[in-house]
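Q: Sequence:
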Amino acid sequence: MTDDVRRLVVDRLTKSFPRPGREQPPRHVLDAVSFTAEPGEFVSVIGPSGCGKSTIFTMLAGLDVPDSGSVTVGADLAIAGRCAYMPQKDLLFPWRTILDNTILGLQVQGVPAAEARLRAAELFPTFGLSGFEDARPSQLSGGMRQRAALLRTVVQNRDLLLLDEPFGALDSLTRTEMQSWLQSVWQRYRWTVLMITHDIREAIYLSDRVIVLSARPATVVREALVELPRPRELAVLTSPEFVALEEDLRAVLHDEARRALAEQTDPGPTISH
106 MTDDVRRLVV DRLTKSFPRP GREQPPRHVL DAVSFTAEPG EFVSVIGPSG
156 CGKSTIFTML AGLDVPDSGS VTVGADLAIA GRCAYMPQKD LLFPWRTILD
206 NTILGLQVQG VPAAEARLRA AELFPTFGLS GFEDARPSQL SGGMRQRAAL
256 LRTVVQNRDL LLLDEPFGAL DSLTRTEMQS WLQSVWQRYR WTVLMITHDI
306 REAIYLSDRV IVLSARPATV VREALVELPR PRELAVLTSP EFVALEEDLR
356 AVLHDEARRA LAEQTDPGPT ISH
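Numbering (this note's numbering), first residue to last: 106 to 378.
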């Protein structure tokens, strides 16, 4: 399969949602959002809280449709069948074993359970889950549950992985360990990854590029290339290049947060009588 066939293109994506009450105008969430993800590239999307990051993902996953604009992988508009989506919560079924949790996506695709178990079991050593095939989710740590959720995502063998705050619910130490682990596994398999995160450091540490969204209605206000060598050790977090990029992106986000706050508190024009 050529690279062009696997290239993600988000082109002028626009979306609004109705509000309660007939007199309320629709809430404009996305305003002509455009960006790309090249095959094998790790791209992170950051932006102010509530700006519409997860709305983009629901459309990429085929769970909603834009008002205008398009999302394609190559020339294929039917992108939902080419993405695997990992939400923030692991959503493991407590009554299923870990192995049977990891095959859910394959079963939805119609893969027989026996074949799905064989395909998933092959990845358990890579994901640090060997010996836990028959365990229940309650017997796993938070980091192990997230690894199981990611295994469930990647075993589907889709062109694009959508990771929505995959480590947001973890404590700081576990989160750092998971970031290092994800980097090493990604370098081995070179999946095309699009990740939402609120953590600027996480975005820079893991990514080839960082897309910065404005306050709602979101549009792309910055696209930063991360030119740090791989593999990246944790020491890179204190390097001058890393710190400079982190400060730059933080300043952009602060400007957008201030703009959003100003618009919320603006009483509008004064009418003279």
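What the hints contain is simulated information worked out from the structure, not anything from laboratory work. There may be inaccurate statements among the hints.
If you anchor each label on the Cβ, the simulated ranges turn out as follows [what the hints assert, rightly or not]:
#1 Q244 <-> R363: 19 to 29 Å
#2 G233 <-> H303: 21 to 31 Å
#3 E128 <-> Q214: 22 to 32 Å
#4 L196 <-> Q129: 42 to 52 Å
#5 Y294 <-> L339: 16 to 26 Å
#6 G215 <-> R363: 21 to 31 Å
#7 E220 <-> D172: 39 to 49 Å
Note that the Cβ used here is the ideal one computed from N, Cα and C, for glycine as well.
Q: Please check whether E220 and D172 have a Cβ separation lying inside 39 to 49 Å.
A: holds (40 Å)
Q: Can you tell me whether the CB distance of E128 to Q214 sits inside 22 to 32 Å?
A: violated (45 Å)
Q: Using the beta carbons of Y294 and L339, state whether their distance is inside 16 to 26 Å or not.
A: holds (22 Å)
Q: Is it true that the C-beta distance of G215 to R363 lies inside 21 to 31 Å, as the hint says?
A: About 50 Å separates the Cβ atoms of G215 and R363, which means 21 to 31 Å is violated.
Q: Please check whether G233 and H303 have a Cβ separation lying inside 21 to 31 Å.
A: For G233 and H303 the Cβ distance comes to about 25 Å; the hint holds.
Q: Verify the CB-CB distance for L196 and Q129 against the hinted window 42 to 52 Å.
A: violated (33 Å)
Q: Are Q244 and R363 spaced within 19 to 29 Å by their CB atoms?
A: violated (46 Å)
The structure does not agree with the numbered hints 1, 3, 4 and 6 stated previously, though it agrees with the rest.
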